[in-house]
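Engineer: This is what each chain is made of:
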Amino acid sequence: MLNIMSLKKKKVEGEASGPRRPKTTAAQIRLQKDLADMDKLPGTMTLSFPDPDDVFNFNLKISPDEGFYSGGSFLFTFKINTNYPHEPPKVMCTQKIYHPNIDLEGNVCLNILREDWKPVLNINSILVGLQYLFLEPNADDPLNKDAAEVLRSNRRAFEQNVFRSMRGGTVDGVVFADVQTRR
Amino acid sequence: MAPSINSQQRWRGVYRYLERTGPFANEGFEPGEKVKDFLHTIKVLVVGAGGLGCELLKDLALTGFTDIHVIDMDTIDISNLNRQFLFRAADLGKPKAEVAADFVMKRVPGCKITPYFGKIQDKDEEYYSQFTIIICGLDSVEARRWMNATVINMYDEDDPETLKPIIDGGTEGFKGQSRIILPHFTACYECSLDMQTKPTTYPMCTIANTPRLPEHCIEWASVLEWPRTFPDKKLDGDDPEHIKWLLDQASARARQYDITGVTYSLTQGVVKNIIPAIASTNAIVAASCATEAFKIATNCATYMSNYMMYVGEQGVYTYTFELQKKDDCPVCGAVAIKIDVPANSTLQDLIDLLMERKDIRLKAPSLRTGSGSLYMQAPRALRDATAPNLVKPLRELLEDGGEITVTDQALPISMNVTVRFSD
Numbered sequence: 001m002l003n004i005m006s007l008k009k010k011k012v013e014g015e016a017s018g019p020r021r022p023k024t025t026a027a028q029i030r031l032q033k034d035l036a037d038m039d040k041l042p043g044t045m046t047l048s049f050p051d052p053d054d055v056f057n058f059n060l061k062i063s064p065d066e067g068f069y070s071g072g073s074f075l076f077t078f079k080i081n082t083n084y085p086h087e088p089p090k091v092m093c094t095q096k097i098y099h100p101n102i103d104l105e106g107n108v109c110l111n112i113l114r115e116d117w118k119p120v121l122n123i124n125s126i127l128v129g130l131q132y133l134f135l136e137p138n139a140d141d142p143l144n145k146d147a148a149e150v151l152r153s154n155r156r157a158f159e160q161n162v163f164r165s166m167r168g169g170t171v172d173g174v175v176f177a178d179v180q181t182r183r
Numbered sequence: 001m002a003p004s005i006n007s008q009q010r011w012r013g014v015y016r017y018l019e020r021t022g023p024f025a026n027e028g029f030e031p032g033e034k035v036k037d038f039l040h041t042i043k044v045l046v047v048g049a050g051g052l053g054c055e056l057l058k059d060l061a062l063t064g065f066t067d068i069h070v071i072d073m074d075t076i077d078i079s080n081l082n083r084q085f086l087f088r089a090a091d092l093g094k095p096k097a098e099v100a101a102d103f104v105m106k107r108v109p110g111c112k113i114t115p116y117f118g119k120i121q122d123k124d125e126e127y128y129s130q131f132t133i134i135i136c137g138l139d140s141v142e143a144r145r146w147m148n149a150t151v152i153n154m155y156d157e158d159d160p161e162t163l164k165p166i167i168d169g170g171t172e173g174f175k176g177q178s179r180i181i182l183p184h185f186t187a188c189y190e191c192s193l194d195m196q197t198k199p200t201t202y203p204m205c206t207i208a209n210t211p212r213l214p215e216h217c218i219e220w221a222s223v224l225e226w227p228r229t230f231p232d233k234k235l236d237g238d239d240p241e242h243i244k245w246l247l248d249q250a251s252a253r254a255r256q257y258d259i260t261g262v263t264y265s266l267t268q269g270v271v272k273n274i275i276p277a278i279a280s281t282n283a284i285v286a287a288s289c290a291t292e293a294f295k296i297a298t299n300c301a302t303y304m305s306n307y308m309m310y311v312g313e314q315g316v317y318t319y320t321f322e323l324q325k326k327d328d329c330p331v332c333g334a335v336a337i338k339i340d341v342p343a344n345s346t347l348q349d350l351i352d353l354l355m356e357r358k359d360i361r362l363k364a365p366s367l368r369t370g371s372g373s374l375y376m377q378a379p380r381a382l383r384d385a386t387a388p389n390l391v392k393p394l395r396e397l398l399e400d401g402g403e404i405t406v407t408d409q410a411l412p413i414s415m416n417v418t419v420r421f422s423d
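The listed protein sequences correspond, in order, to chains S and E. Residue numbers for the first sequence follow the working numbering, so the first one is 1 and each next one is one higher. Residue numbers for the second sequence follow the working numbering, so the first one is 1 and each next one is one higher.
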């Protein structure tokens, strides 16, 4: 009976290894690997950790150096739950900004944050995706419909709206956050 | 347990497989009294007493397992009664595990079922290690991941008793699966995590701007409108008032876009990601799980290797194949070592010791415990925050016998280091 009981594992390391009791969850291990193996981030992105012991909650600042949004610094929060990487991180923009793919509440329309998320993707994939949103705002998948409409019909006007909004100005009666990079 | 005359009769059909050998018997099968006794003595655990759990308890009890434990955190709801056949209308509100145990014990004399009404997370390794086989009929990825990681971490290669086979059943509408996980020998649940179907989601911009389906309107209400209106209140899919609020919002939006089909039950279904349960899918998958448990326990036939998928949507289709272990699995791919160091040595000393090892050629290790960061190479903010730890003595950072998770680009996933103080 119970043939499997006689199974003996062929060990590679040779070292005696006892029972494993990590209180560390699979989600924690994956996140540790995601973060620690991250290549040096480009100068346009900075991560910060309110509590360095907590890798499930952190902030991202993106300061694009080209495109409509250069000169601004944009803040996001990452909230990750223990079901990572089965479930994607929840990412929100914490400022009111004028962007076709980010609404005034800070929701972000990025496919890999919802319908196209896969466990093989990682934190770095999301950083790349967010960075791209600022270089190439996408008028075809709008969350802020008005901004998308302007981008589609009049790039020059869109550029001016972005410029004004980033200085804490008003566009279509909405007051936006001042996001200019301070030196 | 000495079988009475009565139980000799009861298990007559089962004993036919155990009293003589045959062409399908697994290597090393020894027919006779011993294996019968073994079947009646070992403890098996059924995790979940819902749709699959009811079937499993019935099947296992009638297959000759007579010491069964069952754990479930739920109470009986009216919507369970169509398929969770151990429950009656009079049982509404009572704990599933207890009612199921009583029912099966009454129906199958000689079978002892010990219920636990509570969460799987309430129990520790000591509890789970009393069982020979663990059979899961769970309904969430989260619970399966927890169960899988717990049982796999219990394995100690020096003690074969710690190897607990998991048989995992799962159903989703007309589809289902059963699989066998032999911790550290075959693919574990985490190895195949990317195979999981994920809950249906719709692009944010579709739900925000171009709804076409009633589901889009419901998602709009739950994903965008709820947090906008109640920024500090968490949406609870089991709270009828919350569902009603979503229903009102979604209905108004549906009217605006000329969409029909937003109902209370659809709203609840979308929010809780409910997939209708099919009684016969549960029966088929549970039957497969119970059969495999019987084969593993008695060795009277070769057990499955290691994954059976069942599709009942168009006719009946099943396919059995061998899932491969993943080298970079965070649960079963982790290397485990023990290291003895003086409590006064610094974290940097420990890292140097690890990097000296020739069997694991670490390049730039990052170290964390279950609750905090010891030293992280990246991102920069974490490196800066943790660098001061490098010169601290280990006794300030962890306890004797404490465990550290090490990740490094040279490791497929991670290494688990148990640090013992040598002084």
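Keep in mind that the hints are not guaranteed to be accurate.
Using 25 angstroms as the maximum straight-line C-alpha spacing, the simulated DMTMM-like pairs for lysine to aspartate or glutamate come out as follows [as the list claims (entries may be wrong)]:
no.	chain 1	residue 1	chain 2	residue 2
1	E	LYS233	S	ASP37
2	E	LYS198	S	GLU115
3	S	LYS90	E	ASP327
4	S	LYS90	E	ASP236
5	E	LYS198	S	ASP141
6	E	LYS392	S	ASP37
7	E	LYS198	S	GLU87
8	S	LYS96	S	GLU149
9	E	LYS233	S	ASP141
10	E	LYS234	S	ASP37
11	E	LYS338	E	ASP156
12	E	LYS392	S	ASP54
13	E	LYS272	S	GLU115
14	S	LYS118	E	ASP327
15	E	LYS392	S	ASP53
16	E	LYS119	S	GLU87
17	S	LYS118	E	GLU142
18	S	LYS145	S	GLU66
19	E	LYS358	S	GLU105
20	S	LYS118	E	GLU322
21	S	LYS118	S	GLU149
22	E	LYS363	S	GLU149
Rough simulated footprint, nothing fancy, chain S against chain E, three-plus residues with beta-carbon under 8 angstroms [to be verified]:
no.	region
23	192–198
24	372–385
The hints are simulated quantities; they were obtained by calculation from the structure and are not laboratory data. Keep in mind it's a predicted model, so treat the numbers as computed, not measured. The C-beta atom is built at its ideal place from N, Cα and C for all residues, glycine as well.
Engineer: Of all the hints numbered above, which does this structure not satisfy? Sort the numbers upward.
Structural biologist: Structure breaks hints 1, 3, 9, 10, 19, 21 and 22.
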